[in-house]
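Visitor: Sequence:
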Amino acid sequence: MDFSIDIPANLWIFPRGMQRSGNVGPNSISWCSSYGSVVASSWDIATPDGMNEKGLVANLLWLVSSQYQAFDKNGEKPGLSIAAWAQYALDNFATVQEAVEEFQKERFTLVSEFIPGTDKFTTVHLSLSDASGDSAIFEYINGQLIIHHSGSYQVMTNDPPFEQQLAIKGYWASIPGNVFLPGTSKAPDRFLRASYYLDMIPQTSDPKVVIASVLSIVRNVSVPYGIATADQPHLSNTRWRVVADQKHLVYFFENVLTPNVVWVNFKKINFEPNSNVKKLSLMHGEIYAGEANTYFEDSVPFAFKGI
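Take the sequence shown: its letters are residues 51 to 357, numbered as in the numbering used here.
Hints in this document: simulated from the structure, not taken from any laboratory. All C-beta atoms in this analysis are idealised placements derived from N, C-alpha and C, irrespective of residue type, glycine included. Fair warning: there could be bad hints in the mix.
Distance windows between CB atoms, simulated [as the list claims (entries may be wrong)]: (1) S349 with H298: 23 to 29 Å; (2) E148 with N326: 15 to 21 Å; (3) N315 with N124: 24 to 30 Å.
Straight-line C-alpha distance at most 30 Å; calculated DSBU-like pairs for lysine-lysine [claimed, not checked]: (4) K329 with K297; (5) K317 with K329; (6) K258 with K104; (7) K297 with K318; (8) K317 with K170; (9) K258 with K297; (10) K127 with K104; (11) K127 with K170; (12) K318 with K258; (13) K258 with K317; (14) K127 with K155; (15) K170 with K297; (16) K297 with K104; (17) K170 with K329; (18) K236 with K219; (19) K297 with K219; (20) K104 with K329; (21) K123 with K104; (22) K355 with K123; (23) K355 with K104; (24) K329 with K355; (25) K236 with K104; (26) K127 with K355.
Please take these sequences and the hints and turn them into a complete structure.
Guide: The following block contains the structure:
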């Protein structure tokens with residue numbers, strides 16, 4: 051997660067059976083969560099990242115060229131706050147295929163808004179991946195939903211739109227990565243480096259080696275702390291990192307200001323309906339390391355930022 055201002059993040063445990071709203075007024079989509087999840091919040095007003103109990107992972111990243119459809123508060127199609135877009139996927143789908151089939155129906159209008167206290171209008175794209183290795187990227191370009199769906203899509207960064215990211219990757223395919231890799235902090239360069247290293251790391255079933263390998267790639271493509279471009283939030287320093295083990299259902303989190311990795315083991319969580327929402331507060335510099343399940347405390351769920 052890279053951004054030009056700090057994005058305070060807490061970790062949350064949400065059970066099944068939670069009643070949700072799109073939070074855009076009377077004409078909001080509503081649903082009841084079918085799956086429990088562990089998520090990282092941003093300012094406790096949105097879910098930009100998380101994994102559900104079936105191993106579906108959702109990630110939001112900034113995409114300047116995003117342009118969403120106009121929302122009619124009195125229209126037939128209900129709205130969904132962009133703050134809850136990733137959570138909607140985690141609550142409702144076990145696989146990427148299920149999500150793609152449902153999103154293609156365009157049952158709701160995605161409604162964006164300015165980040166509170168800033169002049170930054172939220173423009174993001176969504177990636178989903180599941181325990182089978184399937185992936186999809188969802189983008190709104192010129193008001194149209196574009197879905198890129200393939201298990202071969204294993205890297206997404208910020209700008210440009212994913213179609214252009216693939217074209218850039220194709221151009222660089224003829225240049226051996228062990229001879230030269232682009233090294234700037236720009237998103238296309240980070241996309242190429244991540245793609246190259248992901249193809250090069252050892253393929254193993256040892257979870258310790260897998261997590262170490264993936265986390266090392268994420269660190270390699272992170273932006274050094276203190277590097278920021280005020281008018282380009284997607285070219286700013288890394289705030290926190292996440293690795294999700296979708297096979298063993300463990301969610302790892304690392305904040306750059308408190309550089310310890312904490313993780314949540316799903317096998318030790320009660321996701322039954324009516325079980326308590328739990329929170330691990332990390333946004334005030336709290337220090338934890340290792341498995342953090344026992345440090346979560348009962349909490350009232352945060353409200354998604356709406357309009």
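Visitor: Against this structure, judge whether each hint is valid.
Guide: Structure-based check of all given hints:
1. S349 with H298: 23 to 29 Å: holds (26 Å)
2. E148 with N326: 15 to 21 Å: violated (27 Å)
3. N315 with N124: 24 to 30 Å: With Cβ atoms ~46 Å apart, the hint is violated.
4. K329 with K297: holds (24 Å)
5. K317 with K329: holds (17 Å)
6. K258 with K104: holds (21 Å)
7. K297 with K318: holds (15 Å)
8. K317 with K170: The given pair, whose Cα atoms are some 38 Å apart, is violated under the 30 Å limit.
9. K258 with K297: holds (13 Å)
10. K127 with K104: With Cα atoms ~29 Å apart, K127 and K104 stay inside 30 Å; holds.
11. K127 with K170: Satisfied, since the Cα-Cα distance of roughly 26 Å is no more than 30 Å.
12. K318 with K258: holds (19 Å)
13. K258 with K317: Holds, at about 17 Å.
14. K127 with K155: Holds, at about 11 Å.
15. K170 with K297: Violated. K170 to K297 sits at ~36 Å, over the 30 Å cutoff.
16. K297 with K104: holds (9 Å)
17. K170 with K329: holds (27 Å)
18. K236 with K219: holds (14 Å)
19. K297 with K219: holds (28 Å)
20. K104 with K329: Distance ~20 Å between K104 and K329 Cα, so the pair holds.
21. K123 with K104: The given pair, whose Cα atoms are some 34 Å apart, is violated under the 30 Å limit.
22. K355 with K123: Judged against 30 Å, a Cα distance of about 16 Å means the pair holds.
23. K355 with K104: With a Cα-Cα distance of about 26 Å, the restraint between K355 and K104 holds, given a limit of 30 Å.
24. K329 with K355: Holds, at roughly 18 Å.
25. K236 with K104: Measuring from Cα to Cα gives roughly 33 Å; hence the hint is violated.
26. K127 with K355: holds (20 Å)
Checked against the numbered hints listed earlier, the structure breaks hints 2, 3, 8, 15, 21, 25; every other hint is satisfied.
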